[in-house]
Amino acid sequence: MADLTELTLLQAAQGLRSKDFSSREITQAYLERIERLDGKVKAYLTVTAELALSQAKAADDRLAKGGTDLPPLLGVPLAVKDVLAVDGVRTTCGSKILENFVPPYTGTAVQRLLDAGMVVLGKTNTDEFAMGSSTENSAYFTTANPWDLSRVPGGSSGGSAASVAGRLAPAALGTDTGGSVRQPAAFCGVTGLKPTYGRVSRYGLIAYGSSLDSVGVLGRSAADAAALYTIMAGVDPLDSTSMDIPVPEIKFTGEDEIKGLKVGVPAEYFIEGIQPAVEEKVRAAIAQFEELGAEIIEVSLPHTKYALPVYYLIAPAEASANLARFDGVRYGLRVESEDMIDMFMETRGAGFGEEVKRRIMLGTYALSAGYYDAYYGQAQKVRTLIQQDFLKVFEQVDVIAAPVAPTTAFKPGEHRDDPLAMYLEDVFTLPANLAGVPGLAFPTGFDGDGLPVGMQLMGKHFGEETLLKAVHVYQQATEWGKDLPEV
Amino acid sequence: MSLTKEEVEHIALLARLNLSEEEKERYRGQLSSILEHVAQLQELDTANVKPMSSVLAEALALRADIPGESLTQEKLTANAPDAADNQFKVPPVLDNEG
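Protein chains in written order, with the working numbering: chain A, 72 to 558; chain B, 46 to 143.
Incorrect hints may have been included.
Said to hold, decoys possible - Label pairs and their calculated CB-CB ranges:
hint, chain 1, residue 1, chain 2, residue 2, range
1, A, 410, B, 65, 15 to 21 angstroms
2, B, 101, A, 548, 33 to 39 angstroms
3, A, 350, B, 134, 57 to 63 angstroms
4, B, 101, A, 553, 34 to 40 angstroms
5, B, 138, A, 444, 32 to 38 angstroms
6, B, 92, A, 556, 48 to 54 angstroms
7, B, 49, A, 333, 40 to 46 angstroms
8, A, 90, B, 101, 23 to 29 angstroms
9, A, 520, B, 113, 30 to 36 angstroms
10, A, 443, B, 88, 17 to 23 angstroms
11, A, 355, B, 55, 50 to 56 angstroms
As the list claims (entries may be wrong) - Pairs of lysine-lysine, BS3-like flavour, derived with a Cα cap of 30 angstroms:
hint, chain 1, residue 1, chain 2, residue 2
12, A, 463, A, 333
13, B, 69, A, 167
14, A, 128, B, 120
15, B, 95, A, 376
16, B, 120, A, 531
For the record, the hints were derived by calculation from the structure and aren't laboratory data.
Backbone N, C-alpha and C define an ideal beta-carbon position, used for all residues, glycine too.
Turn these sequences into a full structure, and let the hints guide you.
Put into structure tokens, the structure is as follows:
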């Protein structure tokens with residue numbers, strides 16, 4: 072039998088349906104590859120082999136019974152970022168404070184995929200509490216980029232991106248608060264969708280920045296991402312921010328879908344400091360979109376440069392509130408002390424890593440008496456201006472095309488001691504989270520060192536379908552993203 | 046914008062974070078430069094701009110007030126560092142003189 076890990080998500084689904092192989096066989100193929108190669112890539116924090124094989128068996132039973140209403144991805148494996156709760160499976164958020172936390176329930180996005188018969192291979196590495204752009208902030212280890220093991224995979228969903236690029240999973244769930252699905256997708260040469268805020272339930276996602284967090288997917292193509300997204304999306308009574316707006320079935324029909332598509336190109340995303348190879352590949356891809364029938368229009372998002380300072384006030388402020396729950400009482404680490412306040416302080420001081428403490432400190436300061444209006448209040452107002460930029464441009468265009476990150480994958484330690492330089496990695500991804508719009512990252516070629524370059528299309532609120540269809544046409548017309556590296 | 050050591054200690058206390066001397070000094074420097082960077086927001090006139098606290102303009106939905114199934118106390122206390130009789134145990138909150 073051919074190597075089943077070479078199949079895309081949809082090819083795997085098709086093969087299962089026509090009984091070319093069983094869910095057990097493809098699950099086993101992935102588990103064996105993980106066993107053999109994950110020592111090098113280090114994509115997974117926890118491999119759930121036993122659970123995966125029992126889910127595969129259940130899927131095989133359903134497939135054997137047959138019927139017309141079998142869910143489309145029945146029996147297909149996937150990886151899950153370790154910030155999403157899975158009942159009975161250790162969920163660490165890449166943090167020592169949750170080293171032994173075993174959630175007693177499963178988050179909605181994951182549950183919908185499980186109900187559809189998918190198989191969970193394991194939980195992937197992440198920067199601690201999703202705060203970072205490289206997985207270097209994981210309390211456990213740094214994941215390697217499958218294209219060049221001496222480089223980072225991006226972050227915070229770096230384990231998920233590396234699992235897809237390294238063929239250690241056909242697809243993976245990630246989360247995106249400031250670019251954490253799109254930037255690692257770009258660094259690892261895969262496709263990553265950050266849906267509209269409110270599109271996918273966050274129930275069971277351990278919160279970082281609640282007005283920004285979204286659950287997304289990483290896969291080998293827009294078509295694969297669409298298959299997962301349509302199962303996960305939709306209103307959930309357990310998440311009051313999930314919106315009751317119907318999720319369309321996405322049918323890919325052909326090249327016509329890009330004809331006449333109005334693609335906005337914002338000058339503010341092609342700035343000094345962007346690597347020449349990144350700009351070149353992104354511009355080439357935009358030219359390709361034009362060739363395929365899209366109309367390219369120059370647009371302006373004038374408040375783009377304020378996205379970074381706005382994000383680094385709002386996200387830490389929300390994080391400082393969300394992470395107050397880790398106090399050594401109900402779950403996680405406790406450092407014993409005679410005094411209650413001391414117990415809190417010792418527990419949190421010992422349990423959180425450097426970046427998490429930095430953001431809690433920053434957020435606490437921004438929310439503290441005397442500074443609230445000047446920092447947090449002003450950031451919320453400028454956020455309004457950033458969203459208005461997008462709404463205005465979307466009166467004129469259907470999608471916005473931009474780079475994902477100013478650079479390709481860097482080496483661990485390059486930004487040590489300079490948190491601001493690391494924050495600048497997110498400069499092109501933060502605005503979509505602040506405005507709440509969807510973004511789809513996809514590969515557009517390689518730089519001179521053979522590292523993947525990615526770009527993103529951003530869309531209107533609830534406009535995922537437009538993004539996925541446009542990128543699907545591009546991916547049908549080009550080779551980018553089809554080959555994955557030898558690990 | 047430069048923070049003092051006392052300010053760092055005050056924030057750490059508010060955030061319930063025990064920091065080493067070395068961490069206090071590191072965060073003092075790094076938070077000062079981050080605050081300097083975010084100060085550029087002050088250059089915008091936002092007198093007539095409404096603050097944005099939610100992405101979507103639509104009102105958030107409230108579900109019908111119907112009791113549902115909850116997790117059991119056993120499950121909810123299973124992760125606790127210290128629990129007994131389905132309750133969380135903590136150090137004394139009130140001292141004896143209080």
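Hint-by-hint comparison with the structure:
{"no.": "1", "hint": "410/A to 65/B: 15 to 21 angstroms", "verdict": "holds (19 angstroms)"}
{"no.": "2", "hint": "101/B to 548/A: 33 to 39 angstroms", "verdict": "holds (34 angstroms)"}
{"no.": "3", "hint": "350/A to 134/B: 57 to 63 angstroms", "verdict": "holds (58 angstroms)"}
{"no.": "4", "hint": "101/B to 553/A: 34 to 40 angstroms", "verdict": "holds (36 angstroms)"}
{"no.": "5", "hint": "138/B to 444/A: 32 to 38 angstroms", "verdict": "holds (33 angstroms)"}
{"no.": "6", "hint": "92/B to 556/A: 48 to 54 angstroms", "verdict": "holds (53 angstroms)"}
{"no.": "7", "hint": "49/B to 333/A: 40 to 46 angstroms", "verdict": "violated (53 angstroms)"}
{"no.": "8", "hint": "90/A to 101/B: 23 to 29 angstroms", "verdict": "violated (44 angstroms)"}
{"no.": "9", "hint": "520/A to 113/B: 30 to 36 angstroms", "verdict": "violated (54 angstroms)"}
{"no.": "10", "hint": "443/A to 88/B: 17 to 23 angstroms", "verdict": "holds (19 angstroms)"}
{"no.": "11", "hint": "355/A to 55/B: 50 to 56 angstroms", "verdict": "holds (52 angstroms)"}
{"no.": "12", "hint": "463/A to 333/A", "verdict": "holds (14 angstroms)"}
{"no.": "13", "hint": "69/B to 167/A", "verdict": "holds (21 angstroms)"}
{"no.": "14", "hint": "128/A to 120/B", "verdict": "holds (27 angstroms)"}
{"no.": "15", "hint": "95/B to 376/A", "verdict": "holds (20 angstroms)"}
{"no.": "16", "hint": "120/B to 531/A", "verdict": "violated (41 angstroms)"}
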